[in-house]
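Quick mapping for you: the protein sequence lines, in order, are chains E and P.
With our numbering applied, the first sequence corresponds to residues 1 to 86, in that order.
With our numbering applied, the second sequence corresponds to residues 1 to 316, in that order.
Among the hints, a few may not be true.
Stated by the list, open to error - Going by beta-carbon spacing under 10 angstroms, a handful of chain P positions derived as facing chain E: (1) 2; (2) 4; (3) 10; (4) 114; (5) 251; (6) 252; (7) 261.
What the hints assert, rightly or not - Pair ranges (Cβ atoms, derived): (8) E/29 to P/299: 22 to 28 angstroms; (9) E/65 to P/99: 54 to 60 angstroms; (10) E/36 to P/303: 43 to 49 angstroms; (11) E/68 to P/237: 39 to 45 angstroms; (12) P/43 to E/35: 27 to 33 angstroms; (13) E/64 to P/234: 39 to 45 angstroms; (14) E/33 to P/48: 53 to 59 angstroms; (15) P/299 to E/27: 31 to 37 angstroms; (16) E/14 to P/299: 38 to 44 angstroms; (17) P/144 to E/29: 54 to 60 angstroms; (18) E/29 to P/175: 29 to 35 angstroms; (19) E/37 to P/310: 41 to 47 angstroms.
Claimed, not checked - Here are the simulated lysine-lysine pairs, PhoX-like style, with alpha carbons at most 25 angstroms apart: (20) P/169 to P/106; (21) E/62 to P/169; (22) E/54 to P/143; (23) E/34 to E/62; (24) P/107 to P/169.
Worth flagging that the hints you see were computed from the coordinates, not collected in a lab.
A virtual CB, placed ideally from N, CA and C, is assigned to each residue, including glycine.
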Amino acid sequence: MSAEDSPAPVTIVACPDGPLLVRGPAQIVDAEGKPVHRSRRTVALCRCGVSTIKPYCDGTHKLVGFRTDPQPEQQSRPQSQLQPEA
Amino acid sequence: MQRTLDAAREALDQQPDVGTDDDLQLALLLSYGLSYGGVVECDDRWEWHPAQVAVRTAIEDLFEQQLRERVEIGELPHPDAESVAAYLFAATAEDSGPSLSRYLAKKATREQATEFIVHRSIYTLKEADPHSWAIPRLTGRAKAALVEVQSDEYGGGQPSRMHSVIFAKTMTGIGLDPSYGAYIDRAPAVTLASFNMMSMFGLNRRLRGAIAGHLAAFEMTSSIPNRLYGNGFRRLGYDSEVTDYFDEHVEADAVHEQIAGRDLAGGLAEEHPELLPDIVFGARACLYADGLVGAHMLERWQAGASSLRAEETVTV
């Protein structure tokens, strides 16, 4: 570790058709501000609304066909990659 | 050991179905056990004894060849992380075999639920270990992803939260012996094969694509079934001491499947597009092997029989 290392930043990955993957020292709290039990370093937050362990993801989005909007990089992918094979 | 090598070669010359051959799968399990430790009591130098390695690789060659013949790869995704992840999520979602997890949730008896745990114990008492062999064989994003998943599998620094340790608690809670190997003789070939396939993928560097794909598919077919397994054990009257393992996996594997799909399998495909066919092979081999184990249990139970091998009556 070098001296200029700052604390790890919080990153949130918006997984296509899936949860929000949270890394780093984010504090997850309920509506009253009380910390929600966090038992692992990287957590997945439900964003489809049907998880049985909210606020965490339990994978159920896969059963209900949850879809997120296309990601910017997918929209800008060259046309050739979007065409089916000839 | 030369006699063992001759016996193995003789057995393999008959072109047996390695995946359902009790003797060959047991031989592989014991061979890999020398690398894992805690399976066979013997001189540790057997691990690298040339004859021992020759027996292992001879069985592996036919096992891998047969797996590649039976596992359909189909059209490959584009080798970028998101396309690979989307492909793997779709492939694991269309796996439409009979559902062991629904049976466990709704119908299984205590005896059947106990048998299920015996089958699971062959891998799960060493949970995560087969995939850990791949860590030094990977680089960059894929390596960081595998380490991130494995760190969680190994309890994130808390030995009591290691998944293999939580599973041992489940075994104790339902009256089973959690020491490794207690039920090896009761496990049929398909159960050993599921674990041996992971060990083969993990221990052979050339198969690092397959072990990455395997982990992605394994994680993607875990969180929802584990919720159902937990419900099944609760229905049968077991408390959190027994169900903790399943509940932990509902949350953990919903995280792991994202990391394993995008960063491990996807990241590896981006860095090494030449490994993409093996990534897909490993994922589909996972579905194939675990499908055989699930189908075996359901078939036996529906026939009113035990899914385990009979207690050994040794004949020499």
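Structure-based check of all given hints:
1. Of the supplied interface hints, the one on residue 2 of chain P is violated, with its beta-carbon coming no nearer than about 49 angstroms to a beta-carbon of chain E, more than 10 angstroms.
2. Violation of the interface hint for residue 4 of chain P is found here, the shortest Cβ-Cβ separation to chain E being roughly 44 angstroms, above the 10 angstroms cut-off.
3. Checking residue 10 of chain P against chain E by beta carbon gives a least distance of about 46 angstroms; that is not within 10 angstroms, so the hint is violated.
4. Using the Cβ-Cβ criterion of 10 angstroms, the hint placing residue 114 of chain P at the interface with chain E is not satisfied: the shortest such distance is roughly 26 angstroms.
5. A hinted interface residue such as residue 251 of chain P counts as satisfied when its beta carbon comes closer than 10 angstroms to some beta carbon of chain E; here the least separation is about 5 angstroms, so the hint holds.
6. Taking 10 angstroms as the C-beta contact cut-off toward chain E, the hint placing residue 252 of chain P at the interface holds, the least distance being around 7 angstroms.
7. Interface hint at residue 261 of chain P: satisfied, since its Cβ lies 9 angstroms from the closest Cβ of chain E, which is below the 10 angstroms cut-off.
8. Between residue 29 of chain E and residue 299 of chain P the Cβ separation comes to about 49 angstroms, which falls outside the hinted range of 22 to 28 angstroms.
9. Against the hinted window of 54 to 60 angstroms, the Cβ-Cβ separation of residue 65 of chain E and residue 99 of chain P comes to about 19 angstroms, which falls outside the hint.
10. Distance hint for residue 36 of chain E and residue 303 of chain P: a CB-CB separation of about 46 angstroms, consistent with the stated range 43 to 49 angstroms.
11. In this structure the hint that residue 68 of chain E and residue 237 of chain P lie 39 to 45 angstroms apart at CB holds, the actual value being about 40 angstroms.
12. For residue 43 of chain P and residue 35 of chain E, the hinted distance range of 27 to 33 angstroms is not satisfied, since their beta carbons lie about 52 angstroms from each other.
13. Checked against the given bound of 39 to 45 angstroms, the beta carbons of residue 64 of chain E and residue 234 of chain P, roughly 23 angstroms apart, lie outside it.
14. Judged by the Cβ atoms, the range 53 to 59 angstroms given for residue 33 of chain E and residue 48 of chain P holds: they are separated by roughly 58 angstroms.
15. Between residue 299 of chain P and residue 27 of chain E the beta carbon distance is about 50 angstroms. The supplied range of 31 to 37 angstroms is therefore violated.
16. The supplied range of 38 to 44 angstroms is met by residue 14 of chain E and residue 299 of chain P, whose beta-carbon atoms lie about 42 angstroms from each other.
17. Taking the beta carbon of each, residue 144 of chain P and residue 29 of chain E are about 28 angstroms apart, not inside 54 to 60 angstroms as hinted.
18. A hinted range of 29 to 35 angstroms is violated for the C-beta pair residue 29 of chain E and residue 175 of chain P, which are about 41 angstroms apart.
19. With their beta carbons about 45 angstroms apart, residue 37 of chain E and residue 310 of chain P fall inside the hinted range of 41 to 47 angstroms.
20. For the hint pairing residue 169 of chain P with residue 106 of chain P, the CA-to-CA distance comes to about 23 angstroms; that is within 25 angstroms, so the pair holds.
21. For a cut-off of 25 angstroms, the pair hint linking residue 62 of chain E to residue 169 of chain P is broken: about 30 angstroms separates their Cα positions.
22. With a C-alpha separation of about 30 angstroms, the suggested pairing of residue 54 of chain E with residue 143 of chain P is violated against the 25 angstroms cut-off.
23. For the hint pairing residue 34 of chain E with residue 62 of chain E, the CA-to-CA distance comes to about 30 angstroms; that exceeds 25 angstroms, so the pair is violated.
24. Taking the CA atoms of residue 107 of chain P and residue 169 of chain P, the gap is about 23 angstroms. The hint holds against a cut of 25 angstroms.
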